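**Student:** So the chains spell out like this:
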Amino acid sequence: MRTGIHPGHAGRAMTALTLRLQDEVFAIDAESVREILDVVPITEVPNANAFVGGLINVRGRIVPLADLRLLFGMDRPPPDVNTRIVVIEIDLDGEPTIVAVLADRVHDVSEIEAATIEQAPKIGMRWRPKYVHGIGKRGDEFIIIPEMGRIFATGDAGPSVSQKRG
Amino acid sequence: MTVMDPRDVFHQEARELLDQLEEALLDLGTSSDDRDLVDCAFRALHTIKGSGAMFGFDEVAGFVHEFETAFDRVRKGSVAVSPPLVQVALAAKDHIARLIAEPGLHAADGETILKKLRAIVSSDEDSGRSDSFAPADAQASAAEPSRVQSPLQTWRVKFRLAENALVLGANPVLLLNELRELGPCEVSVAVDAVPPLESIDSEVCYLDWEVVVSTDRPRQAIDDVFIFIADGMELSIETLAGTVAESPRDDKAATTKAVDVDKPRDSTGAGAKGGTSVRVAAERLDELMDRVGELVIAQARLSQLAVASDDGNLKNVAEEMERLASSLRDTTMGIRMVPIGSLFGRFRRLVHDLSHDLDKEVDFVTAGEDTELDKTVIERLADPLVHLIRNSIDHGLEVPSRRIAAGKAARGQVRLSAVHTGSEVAISIVDDGAGLDADRIRAKAEEAGLIAPDAKLADHDLFQMVFHPGFSTAKEITALSGRGVGMDVVKRTIEGLRGRIDLGSRPSGGTTVTLRLPLTLAIIEGMLVRVGQGRYSIPLSAVEECVELPRDAEAGNSGRNFLNIRGHLVPFLRLRELFKTRTAIEPHQKVVIVSAGESRVGLVVDQVIGNSQTVIKSLSKLHADVENFSGATILGDGTVALILDVAHLVSFGQEFESRLRDERIGRAA
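Chains A and B are the protein sequences, given in the same order.
If you're matching positions, the first sequence starts at 37 in the working numbering and goes up one per residue.
If you're matching positions, the second sequence starts at 888 in the working numbering and goes up one per residue.
Excised from the complex, chain B in its bound form:
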């Protein structure tokens, strides 16, 4: 283990803060007078500035400082939040991200953004000040003229820093000094909480302060002293008798636990839960999952031994182990689960920008942000979802004039939702746009020779055509009906996650894309089969049914490899031929019918052993060229079994079969 590069830490932290900033800004676009949001944005900015300077990102710190200065007017309430302001602020946020990613390359852009920001901020202001900004307190008084002459007021401020405040760089002395600047102070300290010397942690602040301060400044000024360290601290501010009524902002409870009011809209992961959270490197989680997988395997072996033995005690222990191992596995898998809201948040910006660029008004609605998915799945979902949402807005939604002509509201709607269904999560992207043009798709598919001219296809099957590679690149259809570019990539990614993708559409009623994904990639339910001496696991989600191989097909020389399953022709592959198994053909072979994409295929095996929980382990790079297997697993008896990659296997089988056919024809000629 190496020590983490502090710059990496900064990068990571900055990314999260920028996300937080962006979210707050986007929220401000809709509810422009929410003070909490402004504060949240401001805090994010300030932290980026502070840690940027600390880790030598001076350029970043410099820009953020300017941004912050301009934005401060918004915080003081002297400038109202407006759509152009949000737009510029978002541009500034992107600029910060660029500065962090590629220092020294973008310095020039910054000034343009700041100019715009200043123009908006100062034009909005009544007093018409020049570009240079007055100090913050002067600002505040200008903005809140009613409080300028407020009489001297005495406040009792009690505070106790969060346990980790000192580690995070807070300095109580500076806080006290800041309070002193507000007016004459009486400071007393309570040392009751200080533990005996031997148990003192030198990095924890145990002191409770009580400050009685008399000031002519509003309550806000006192709040501001604590604004950047509010997380986790205890703070109570109350007026003492003989003073005027409290300022309007105090309609909240006077004593506020910072954690509760801190980020009401923060839906990104742990913060939202209000509890404490620990940041753990993703690799450690993967490692933990590996260990748990090993434990599950070892436990399965123990159970096998226990079943075979007469020892009652051993059986008891084995049962207890089984219970513990399975709950440990569930807990560990739970740790890897991340709410999908963290992903949805990113798309708000995409929609905001697209609607701006394309001049289409879009309502972006999300639902089911709490739905949890394995973190690996979520990471890999980002690109396909960006693609689908972009499609919906760019091609699906009509321009406002056409929408009105079609009798719809001018504002289009794109709805992104996630919901649990059994062991799957269904994510749908629904728009109320023009829908897919079935006739155009059919024409295009016929032209490309994908379907016969007179083939009768249900719309559902017809829509699947857009996933065909190459189909999508056809310019005409992209311009007209819209869907296409890169849909094959989307489909591949989803299938790579062992998911499925459904497409539904009504003419002028919009399009629905539904992605169905397994909850986790780490463990699957598998069907164990035997071919020759090898045992293989087939993902149960792909299995449709098992049938006996008809006697006449067993010999394998009948020339046709089709089964009749309730009137449907299903081609089958002999795995022993595919795998070049050397043992003699056994009687009573079975066929496992699996579905791969649109087609069903039978896999001929020697024996169906049964179902089992399968801990998936990926194969090493040395086997990267073997595409028939998506991974391997360890069975109860400690041996390794390969997991079949159904989609690849089918295409491999088709190749194999056509080669076989060619050979036969060659021989016959």
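Isolated chain A, as found in the complex:
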């Protein structure tokens, strides 16, 4: 049974991989996660969009490495022992594409109750709303659910992205 991210649709929980980027906890749909790697050598792509400025080798496949911290205006300290690379599959212009994202730390896979997921508020958020799909709650903690499809749709060209919500 597939459980997607559908805030506002009652009764559907989300199984998500939670990870930390600086001070915030993010949740990525667990079904899209292919694997989690330790930090591997990263090849810089000169003159590329800094958000996807690197390439890594994932089992013989060359995969773009994205740094979500850049989109969310966070500091970007160099990798440490807790840094991980999360390999996910996303839908890029209708084509399934493998991308990797840096995480300062990976927490766990957990259920996020549908009832606790809310639409991203229009105000009170320093991040661009189009990159945030919803905000979940776990205990006292807020969990940001990023809108992966839109984040990766050509990096920053937001308007061309089709609405995925039905």
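Hints are computed from structural coordinates only; laboratory data are not their basis.
Small disclaimer: the values here were computed from a predicted structure and weren't measured.
For glycine and all other residues, C-beta sits at the position ideal for the given N, C-alpha and C.
Any given hint could turn out to be false.
Covered stretches of chain B (in silico footprint by chain A; criterion: 3 or more residues with CB under 8 Å from a CB of chain A, positions within the stretch not fixed) [said to hold, decoys possible]:
#, segment
1, 1180-1192
2, 1462-1468
3, 1523-1533
Given the coordinates of chain A, assemble chain B onto it according to the supplied hints.
**Tutor:** What follows is chain B alone, placed relative to chain A:
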């Protein structure tokens, strides 16, 4: 993996059959009495009809049926093949293609084509029959009056169906019934080949039939029973004692393996080889190539470990792995290779139509159809070649009257050939037309400011002007000397395939266009260099030489970025500036001289590491905007290296340099 839509299968199959049909028709245009060709065309038609009806393309099936009925007279030999007939048949073939592609849109055109076809077929016939056609056997007897009264003859027909015949829809019972219609039959069956129950494949026919049939019909009638299932079956037809001599057609060996005589002219891919072939989706081949690429990379790492270790066994295993991996890579690349003949076949139709439309008689000669190229290369070559051939016929070849006035044969010739040269394939299009008009090109180029008015240019360099975008659209030159429209697109496509294009011409002696292409796109020989901490691969085919960067140029503030290479000025680009490398400048920098199009450019790097086989992987869409790199590869140590796109890099560098110059001038002012 999803199950393939049967309609897609039909589309694919129909496309191949239509190609086969077209080829047979075009061949018939030149050798009009070849029975095998007629049969081949007829078989293709019949199969399209059958599978069309099966997959619900009723319109197609209906039209083909009518076409087939008319064409049947040709097959029976009652109507000779003539150029107008071939013309109409080709039109009908196109119509079928349209019906399949866009059902329901073209129904009206069909009737016109059929009318023409019927007119040709019936006017050709001696007996002057009306438009309605008599049943096939009556036809046959009318056409072959000598056999009408042939006495009763007894034939022994032995046949065994191809293994896959049942899967393909053959029904032995129907075959036997058809034989029975010819005359009284004695049927016996041999069950020797039937395996034990547990190993029986329910879809394979294991039976051998022997039928003794007495009939007054010619041998042809018996052959016809099997005509549509002849592929792969064993069939022997012999007369029994006491009957008349065999009919003329039996001068071939009485026992014929269908595979051998089936399609003597089929040069399209696997069929020509006579062996069995498997149809595989292209994506699977790509996937296989990816896996092999990974294996090659993993093997390189293993070799590195083995070299560093003292373990003799490990070294042995690593060596064996290396051998296996490289032969596996060669085999896999071989699978992707397709003979270019499949592509050449398509152009025969183009030439046929053009020569008809333009009223120019053209001999189209092809050579080197067996030359193999990566399938991706072949697919992308189609459009440029269409363009070049059209240019040759439309603009290159003169009209017959002018050819005769120039002392040439009235028939022009266009020759398309392919040949292997080293790791390249050279494809040339040669015509014996008027040739390029060097003076007009020079005038035009001067007018457009591409060359200085007094510049001395070799013809070779002058001809390169026609590839200049915009140059080609100039109306005057197109009308006069001909070449031009879209040549820049041709050039871009060829360069996109990492190929080159040469142009040669003699006044009134014709034009030669030669395309040089790498054998494969999947693996290249690369030169590995280091810039800062990044390693990059430069396609070795673009590299001309490596030199040391002169000491005085190292600092990078001398204001001139030119090298003197044996008396020629070669501009150079500092990759570390282009790539915004942050590490400190190292001493003893090297310059790799690469050629991009007509110009040579030096690329300044920190270190030249060496040559390596490079498995090219394309970058994802996320990096589509980064034009300096044509792809990436994985090095022996598992890290990723980017592959430089030399052509783009040079234009990027030129922009960068002019921006730098502007900045400097701005600062100085």
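**Student:** Confirm or reject each hint.
**Tutor:** A quick look at each hint next to the structure:
Coverage of a stretch by a chain is defined here by at least three residues with a beta carbon nearer than 8 Å to that chain's beta carbons; for the segment 1180-1192 of chain B and chain A the count is 4, and the condition holds. Proximity of the segment 1462-1468 of chain B to chain A, defined as three or more residues with a beta carbon under 8 Å from a beta carbon of that chain, is established by the 4 residues found. Figure legend: the segment 1523-1533 of chain B, annotated as covered by chain A; annotation consistent (5 residues with Cβ-Cβ distances under 8 Å, at least 3 required).
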